Amino acid sequence: GQNIDQPTEMTATEGAIVQINCTYQTSGFNGLFWYQQHAGEAPTFLSYNVLDGLEEKGRFSSFLSRSKGYSYLLLKELQMKDSASYLCAVSRGGKLSFGAGTTVTVRA
Amino acid sequence: EAGVAQSPRYKIIEKRQSVAFWCNPISGHATLYWYQQILGQGPKLLIQFQNNGVVDDSQLPKDRFSAERLKGVDSTLKIQPAKLEDSAVYLCASSLVGGFSTDTQYFGPGTRLTVL
Chain A
1 GQNIDQPTEM
11 TATEGAIVQI
21 NCTYQTSGFN
31 GLFWYQQHAG
41 EAPTFLSYNV
51 LDGLEEKGRF
61 SSFLSRSKGY
71 SYLLLKELQM
81 KDSASYLCAV
91 SRGGKLSFGA
101 GTTVTVRA
Chain B
1 EAGVAQSPRY
11 KIIEKRQSVA
21 FWCNPISGHA
31 TLYWYQQILG
41 QGPKLLIQFQ
51 NNGVVDDSQL
61 PKDRFSAERL
71 KGVDSTLKIQ
81 PAKLEDSAVY
91 LCASSLVGGF
101 STDTQYFGPG
111 TRLTVL
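Residue numbers (my numbering), protein chains in the order written: chain A, 1 to 108; chain B, 1 to 116.
Within a straight-line C-alpha distance of at most 20 Å, the following computed SDA-like cross-link-like pairs (lysine to any residue) qualify:
| id | chain 1 | residue 1 | chain 2 | residue 2 |
| --- | --- | --- | --- | --- |
| 1 | A | Lys95 | B | Leu96 |
| 2 | B | Lys44 | A | Ser97 |
| 3 | A | Lys95 | B | Gln36 |
| 4 | A | Lys95 | B | Val97 |
| 5 | A | Lys57 | B | Tyr106 |
| 6 | B | Lys44 | A | Ser27 |
| 7 | B | Lys44 | A | Thr102 |
What follows is a list of derived Cβ distance ranges for each label pair:
| id | chain 1 | residue 1 | chain 2 | residue 2 | range |
| --- | --- | --- | --- | --- | --- |
| 8 | B | Thr104 | A | Ile17 | 21 to 27 Å |
| 9 | B | Thr102 | A | Gly40 | 25 to 31 Å |
| 10 | A | Asp5 | B | Gly53 | 31 to 37 Å |
| 11 | B | Asp74 | A | Met80 | 34 to 40 Å |
| 12 | B | Ile12 | A | Ser67 | 46 to 52 Å |
| 13 | B | Lys62 | A | Arg107 | 41 to 47 Å |
| 14 | A | Arg59 | B | Asp56 | 30 to 36 Å |
| 15 | B | Ile12 | A | Ile17 | 38 to 44 Å |
| 16 | A | Gly53 | B | Glu68 | 38 to 44 Å |
| 17 | A | Gly15 | B | Ile12 | 38 to 44 Å |
| 18 | B | Trp22 | A | Ser65 | 40 to 46 Å |
| 19 | B | Gly72 | A | Met80 | 39 to 45 Å |
| 20 | B | Leu70 | A | Gly93 | 22 to 28 Å |
| 21 | A | Ala39 | B | Ala2 | 20 to 26 Å |
These aren't lab readings, by the way, just hints derived from the structure by calculation. It should be emphasised that the depicted structure is a prediction, and the values quoted were computed from it without experimental measurement. All C-beta atoms, glycine included, are put in the ideal place defined by N, C-alpha and C.
For reference, chain A alone in the conformation it holds in the complex (with noise of 0.2 Å):
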């Protein structure tokens, strides 16, 4: 299955810190991909996880349960420019798919 589940919006005060959570079905799973898309811009890679844990990458961390089909995105210390489309993509046989995106607005 391909199903891709993550939240629609978010919304954060810069400063803190949001976890967008991603889940899936476990069935041909490579790895999860973590990118980011500003309106009107191309996906940019922010992370991947191929195996169980976390992953953190300066202000950015990336968590995975491959027995639960679990995935989340961590931002910290959130900054204006973080507003953004935040993409989930599940990795079967090198082939991503994607879910429908995370709105993360932040606010002043």
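We have chain A; now place chain B onto it with these hints.
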């Protein structure tokens, strides 16, 4: 390193007309992808090339869409004839090898198509 290039950036056509999009992947990337992204949705894979061969075109509406990647570098995606529901952003992406779980795809800026 130059990124994925696409042209045109915007295109407006009337239904039943034809349109073509061009993509130049990152130098040395063997795999090229075309995605369709409808407003409010995530990108949906249309076709994947490995060098100049098609790996997956299961979601390409072959009655109106066609794509080619001659010489294993540049690619063109064509729609003929266009329908209203084809209005979307068409994204091209490339990856170094393809077929591996950790092979990162890099996206071009996309072509925004409006069909009137």
